[in-house]
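Chains as they are written, first to last, in full-length UniProt numbering: chain Y, 1 to 121; chain B, 1 to 173.
Since the hints were derived computationally from the structure, they do not count as laboratory data. Beta carbons are placed, not taken as given, at the ideal position from N, Cα and C, and that holds for glycine. Accuracy of the hints is not assured; some may be wrong.
What the hints assert, rightly or not - In silico EDC-like pairs for lysine to aspartate or glutamate, Cα to Cα no more than 16 angstroms straight-line:
id, chain 1, residue 1, chain 2, residue 2
1, Y, 75, B, 6
2, Y, 67, Y, 80
3, Y, 66, Y, 36
4, Y, 65, Y, 36
5, B, 41, Y, 79
6, Y, 33, Y, 108
What the hints assert, rightly or not - Derived contacts from chain B toward chain Y, CB cut-off under 10 angstroms, selection only:
id, residue
7, 2
8, 5
9, 12
10, 19
11, 20
12, 21
13, 24
14, 44
15, 47
16, 53
17, 122
The primary structure of each chain is shown beneath.
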Amino acid sequence: MIIIKTIVRATDTTGARLCECIKILRSKYYNGKLTDYIIIAVKTALTNRKIKRHEVYKGIVVRIKKKTMRFHGGKITFEDNGIVLFNKRNEIFASRVLGPVCTELRKEKIVKILTMSGVII
Amino acid sequence: MVVKTDLCAFSGLRIYPGHGLRYVPATSVQTTRPVFPFIHKKARALFQRRRNPRVISWSQLYRRQHKKGNVELLKKSRKKKVQRTDQRGFAGASIDFINAQRRQTEEQRKQIRLSTKKALEERKTKLNAKKNEQKKKLEEAKLSGKKPAAKTAQQKIVPKKQSQPKAKFTQTR
């Protein structure tokens, strides 16, 4: 459940660490869920990387703390809220994705993230 | 129909479909076991507090350790291997023959070996005699310039049937 002002973690090799959600690209009072596009502001970032503090990017939600129902009736929770960043041309920014990634991306046909990540759940 | 069940990562209880929840740690990811299934919130909370399931009395590990309740049911059911009772022959030898050989004493074996040797020698001598006769006949025929006479039924030497069992098995043991 991601709303405005929630802090999410960037799980790729761009250099961004903690980001703040500014906007969810859905209807007005919508809580962000898996495979939702959001706009973020970078709060903390590693030095000497492409991304710096206070920059604004687009991202996709890959992990979420809120329990989500699966097709067969099971529930799944992740440890943190994770996102993967996009650049200004709406392409995936990083070359690698860190940590586990949800399978719901396959349904949305964002297969490139699945190929980059090691663990798909 | 077999229902697919999962085992709780903390308590060891069975999770049937539609129950429980799966927790995925993001920071310390294990590629071999990335998901921890839990039967209920209590198990998950204790796991996240890093409690040892061997200490907590209702967990399956504790119950197995302290032999509580029906322990046999808790264990995985394994099928026992059924030993074959019926015996059968091996490599041309029937069971009766093998059993008879088992019951033999050493003296009996020695006798059998000697008798088989004798029988073989007799056979050899007979064969040699037959060959010699044929050779002689050929030589005679050559000298006289006539063709050798055709074989008769009486000339054929039929080896006697051995009363004792074959020598092959006795020698190997």
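Against the structure, the hints:
Restraint check for residue 75/Y and residue 6/B: satisfied, since their Cα atoms lie roughly 13 angstroms apart, inside the 16 angstroms limit. A C-alpha spacing of about 12 angstroms is found between residue 67/Y and residue 80/Y, which places the hinted pair at or below 16 angstroms, so the restraint holds. Pair hint residue 66/Y plus residue 36/Y holds up; C-alpha atoms about 14 angstroms apart against a cutoff of 16 angstroms. As the CA atoms of residue 65/Y and residue 36/Y are separated by approximately 14 angstroms, the hinted pair is consistent with the 16 angstroms bound.
For the hint linking residue 41/B to residue 79/Y, the alpha-carbon distance of about 15 angstroms falls within 16 angstroms, and the restraint holds. Taking the CA atoms of residue 33/Y and residue 108/Y, the gap is about 13 angstroms. The hint holds against a cut of 16 angstroms. For residue 2/B, the suggested interface contact is broken, since its CB lies about 15 angstroms from the closest CB of chain Y, more than 10 angstroms. Because the beta carbon of residue 5/B sits about 12 angstroms from the nearest beta carbon in chain Y, more than 10 angstroms, this interface hint is broken.
Taking 10 angstroms as the C-beta contact cut-off toward chain Y, the hint placing residue 12/B at the interface is violated, the least distance being around 18 angstroms. The closest approach between the C-beta of residue 19/B and any C-beta of chain Y is roughly 8 angstroms, which is under the 10 angstroms cut-off, so the hint is satisfied. A cut of 10 angstroms between beta carbons decides the hint on residue 20/B: the least distance to chain Y is about 7 angstroms, and the hint holds. The restraint placing residue 21/B at the interface with chain Y holds, with a minimum CB-CB distance near 4 angstroms, inside the 10 angstroms limit.
Taking 10 angstroms as the C-beta contact cut-off toward chain Y, the hint placing residue 24/B at the interface holds, the least distance being around 5 angstroms. Given hint, residue 44/B at the interface with chain Y, holds; its Cβ is 9 angstroms from that chain's nearest Cβ, closer than 10 angstroms. A distance limit of 10 angstroms between C-beta atoms decides the matter here; for residue 47/B the minimum to chain Y is near 12 angstroms, and the interface restraint is violated. Annotation: interface hint on residue 53/B violated; nearest CB of chain Y at approximately 20 angstroms, more than 10 angstroms.
The restraint placing residue 122/B at the interface with chain Y is violated, with a minimum CB-CB distance near 82 angstroms, outside the 10 angstroms limit.
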